[in-house]
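*Asks:* Chains as they are written, first to last, in full-length UniProt numbering: chain A, 1 to 251; chain B, 1 to 251.
Among the hints, a few may not be true.
All copies of an identical chain are treated as equivalent in the list; a pair is satisfied when it fits inside any one copy or across any two copies.
Using 25 Å as the maximum straight-line C-alpha spacing, the simulated DMTMM-like pairs for lysine to aspartate or glutamate come out as follows [claimed, not checked]: (1) K36 - E180; (2) K244 - E155; (3) K238 - E100; (4) K197 - E103; (5) K83 - D71; (6) K144 - E7; (7) K105 - D196; (8) K240 - D57; (9) K105 - E186; (10) K130 - D200; (11) K83 - D4; (12) K244 - D152; (13) K126 - E7; (14) K244 - D200; (15) K130 - E104; (16) K31 - E167; (17) K3 - D196; (18) K144 - E97; (19) K93 - E10; (20) K130 - D218; (21) K159 - E100; (22) K207 - E136; (23) K198 - D123; (24) K198 - E97; (25) K220 - E136.
Just so you know, these hints were derived from the structure itself, not from any lab.
All of these numbers come straight from a predicted model, not from anything done at the bench.
The chain contents come next:
Number of protein chains: 2
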Amino acid sequence: MLKDILENYENYQPGLSIDCVIFGFHDNQLKVLLIKIPHRETWSLPGGFIPVNQDIDVAAVTVLNERTGVDGIFLRQFATFGKVKRNDQHFSKEALEYLEIFEEKAKWLTRRFVTIGYYALVDFLKTIPKPANKDEIIEWIDHKEVPELILDHKEILGKALATLRMELNLMPVGYNLLPEKFTIPELQKLYETILDKKLDRRNFLRKITNIGILTKLDEKKSNVAHKAPNLYTFDKDKYKEVLKNGLNQGW
Amino acid sequence: MLKDILENYENYQPGLSIDCVIFGFHDNQLKVLLIKIPHRETWSLPGGFIPVNQDIDVAAVTVLNERTGVDGIFLRQFATFGKVKRNDQHFSKEALEYLEIFEEKAKWLTRRFVTIGYYALVDFLKTIPKPANKDEIIEWIDHKEVPELILDHKEILGKALATLRMELNLMPVGYNLLPEKFTIPELQKLYETILDKKLDRRNFLRKITNIGILTKLDEKKSNVAHKAPNLYTFDKDKYKEVLKNGLNQGW
Numbered sequence: 001m002l003k004d005i006l007e008n009y010e011n012y013q014p015g016l017s018i019d020c021v022i023f024g025f026h027d028n029q030l031k032v033l034l035i036k037i038p039h040r041e042t043w044s045l046p047g048g049f050i051p052v053n054q055d056i057d058v059a060a061v062t063v064l065n066e067r068t069g070v071d072g073i074f075l076r077q078f079a080t081f082g083k084v085k086r087n088d089q090h091f092s093k094e095a096l097e098y099l100e101i102f103e104e105k106a107k108w109l110t111r112r113f114v115t116i117g118y119y120a121l122v123d124f125l126k127t128i129p130k131p132a133n134k135d136e137i138i139e140w141i142d143h144k145e146v147p148e149l150i151l152d153h154k155e156i157l158g159k160a161l162a163t164l165r166m167e168l169n170l171m172p173v174g175y176n177l178l179p180e181k182f183t184i185p186e187l188q189k190l191y192e193t194i195l196d197k198k199l200d201r202r203n204f205l206r207k208i209t210n211i212g213i214l215t216k217l218d219e220k221k222s223n224v225a226h227k228a229p230n231l232y233t234f235d236k237d238k239y240k241e242v243l244k245n246g247l248n249q250g251w
Numbered sequence: 001m002l003k004d005i006l007e008n009y010e011n012y013q014p015g016l017s018i019d020c021v022i023f024g025f026h027d028n029q030l031k032v033l034l035i036k037i038p039h040r041e042t043w044s045l046p047g048g049f050i051p052v053n054q055d056i057d058v059a060a061v062t063v064l065n066e067r068t069g070v071d072g073i074f075l076r077q078f079a080t081f082g083k084v085k086r087n088d089q090h091f092s093k094e095a096l097e098y099l100e101i102f103e104e105k106a107k108w109l110t111r112r113f114v115t116i117g118y119y120a121l122v123d124f125l126k127t128i129p130k131p132a133n134k135d136e137i138i139e140w141i142d143h144k145e146v147p148e149l150i151l152d153h154k155e156i157l158g159k160a161l162a163t164l165r166m167e168l169n170l171m172p173v174g175y176n177l178l179p180e181k182f183t184i185p186e187l188q189k190l191y192e193t194i195l196d197k198k199l200d201r202r203n204f205l206r207k208i209t210n211i212g213i214l215t216k217l218d219e220k221k222s223n224v225a226h227k228a229p230n231l232y233t234f235d236k237d238k239y240k241e242v243l244k245n246g247l248n249q250g251w
């Protein structure tokens, strides 16, 4: 696919790329979608180039879809990364020769690239990646076990994670990530996993209740040995309203 | 200056620019620094291009300094703007001829540009702009009175303002924007001006006090007809600490 792009490199913005950080929640782990391309030992974030006739927000969706088969995700831009030397070691002379990339194409590919970061927090179970070609491996990897990544992708991932954590203070999270009916401890676990810290049970209950997005159901969780915890569901209208207006912790 | 850049356009990232939104607080107005260049009727944000040998964060400082003479400001990146058609009407054929920009230089200048937005909230009294050339006009304009701007600069300004408002929920604001000693009503006015809404006096007092960054002085404001309000100052160490860790409204 890189070959196709290089054949038509004039149709892409020079020196500008997009990288996507896709988080999924599963088994009380916050996982991130990573790709390993052929002939490379290290993993990378799914990324690509910007067609000159596509808005960058559209290009982000295209790039993610082409690299991972994943579609229909609302991607949020979080930062742009542009250190001078971020990609100057990326393609060695040998790699370019191996890939049969020469002259103008090699020049286009090895020039300085600035990259725009997009992220999303998605439903792990509904987000099934399919590699664009059979040599590529795509995997969900626990964010705590992420191996070495190419370029500055660790920094990009770190910034996306910091943004996600900050957003917990601005908007509700959980819809689409938890089952339809859930307990407060399950919701708390989601927050604890994202924030990577233990939260006080009473404090969490008070704060999450105050947001006004939860509906307490007339059911208890079954198959629980001890005192069965209450089940809750999100009040979708209120959830949407809070998403739009932000958590009411403002001035 | 554009001429100098075009003479050496290969030393700049193609299709990528930086625009700066500089806010200043004065006379209970939130003002923004705008430039009017020669031969154009409309105003613009101070912006420019990215030298291939500069990190983008460094280039932002350079661009701001070269366009406005303003230096020593901590600029924060807030978003990147990349709609396909954002600059395709910017330089007409006539304008290019008038400016004597032809061929490769014209092609470089009129290609699709993505722009990275940076913003800062600065001390109005210490931030004295100096135009880079005598035909340019630089002015502080009340954000509510901003005239027509070039390209998508209104959208960029709007997004910077939204980011600033959101940041009021994440970090303290006011240091360097208010005199050394100030009253709570003065601080409240700063918040009200940025947020563009009235705040409840008691609520504001409670919230701002809870942050723990204020030191109540043993002085009252003089020259006040009625009941003189207390004077406060920022506890600089605590202010810095809260800036670093964020407002404690988290989970």
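*Asks:* Determine for every hint whether it applies to the structure shown.
*Replies:* Verification of the supplied hints:
Taking identical chains as interchangeable, the C-alpha atoms of K36 and E180 are never at most 25 Å apart, the minima being 34 Å within one chain and 55 Å between chains. For the identical chains of this complex, K244 and E155 are inter-copy neighbours only, at 19 Å across copies versus 29 Å inside a copy, given an alpha-carbon limit of 25 Å. In this assembly of identical chains, the alpha carbons of K238 and E100 never lie at most 25 Å apart, being 56 Å within a copy and 58 Å across copies at closest. In the homo-oligomer, the alpha carbons of K197 and E103 never lie at most 25 Å apart, since the shortest distance is 51 Å inside one protomer and 58 Å across protomers.
In the homo-oligomer, the alpha carbons of K83 and D71 lie at most 25 Å apart only across protomers (21 Å), although the nearest pairing inside one protomer, at 30 Å, exceeds that limit. Taking the shortest alpha-carbon separations for K144 and E7, neither the intra-copy value of 38 Å nor the inter-copy value of 49 Å comes in at or below 25 Å. Neither within a single protomer nor between protomers do K105 and D196 lie at most 25 Å apart by alpha-carbon distance, with minima of 43 Å and 51 Å respectively. In this assembly of identical chains, K240 and D57 lie within 25 Å of each other by CA distance solely inside one copy; the values are 22 Å within and 35 Å between copies.
In this homomeric assembly, K105 and E186 never come within 25 Å of each other (Cα to Cα): the closest approach is 51 Å inside a single copy and 59 Å across copies. Taking the closest pair of Cα atoms, K130 and D200 never come within 25 Å of each other, the shortest separation being 39 Å inside a single copy and 53 Å across copies. Proximity of K83 and D4 under a CA criterion of 25 Å is satisfied inter-copy only: 24 Å between copies versus 27 Å inside one chain copy. Taking the shortest alpha-carbon separations for K244 and D152, only the inter-copy value of 24 Å comes in at or below 25 Å, while the best intra-copy value is 32 Å.
In this assembly of identical chains, the alpha carbons of K126 and E7 never lie at most 25 Å apart, being 34 Å within a copy and 52 Å across copies at closest. Only between protomers do K244 and D200 lie at most 25 Å apart by alpha-carbon distance; the minimum there is 23 Å, versus 27 Å within a single protomer. For the identical chains of this complex, K130 and E104 are neighbours neither inside a copy (32 Å) nor across copies (42 Å), given an alpha-carbon limit of 25 Å. Taking the shortest alpha-carbon separations for K31 and E167, only the intra-copy value of 17 Å comes in at or below 25 Å, while the best inter-copy value is 28 Å.
Taking the shortest Cα distances, K3 and D196 never come within 25 Å of each other, neither inside one copy (40 Å) nor across copies (52 Å). In the homo-oligomer, the alpha carbons of K144 and E97 never lie at most 25 Å apart, since the shortest distance is 36 Å inside one protomer and 57 Å across protomers. When the C-alpha separation of K93 and E10 is checked against a cutoff of 25 Å, the pair qualifies both within a copy, at 22 Å, and between copies, at 23 Å. Taking the closest pair of Cα atoms, K130 and D218 never come within 25 Å of each other, the shortest separation being 40 Å inside a single copy and 68 Å across copies.
In this assembly of identical chains, K159 and E100 lie within 25 Å of each other by CA distance neither inside one copy nor across copies; the values are 34 Å within and 43 Å between. Taking CA atoms no more than 25 Å apart as the test, K207 paired with E136 passes in neither setting, with 44 Å inside one copy and 52 Å between copies. Within a single copy, K198 and D123 get their C-alpha atoms as close as 23 Å, which meets the 25 Å cut-off; across copies the closest is 40 Å, which misses it. Taking the shortest alpha-carbon separations for K198 and E97, neither the intra-copy value of 51 Å nor the inter-copy value of 65 Å comes in at or below 25 Å.
Taking CA atoms no more than 25 Å apart as the test, K220 paired with E136 passes in neither setting, with 45 Å inside one copy and 70 Å between copies.
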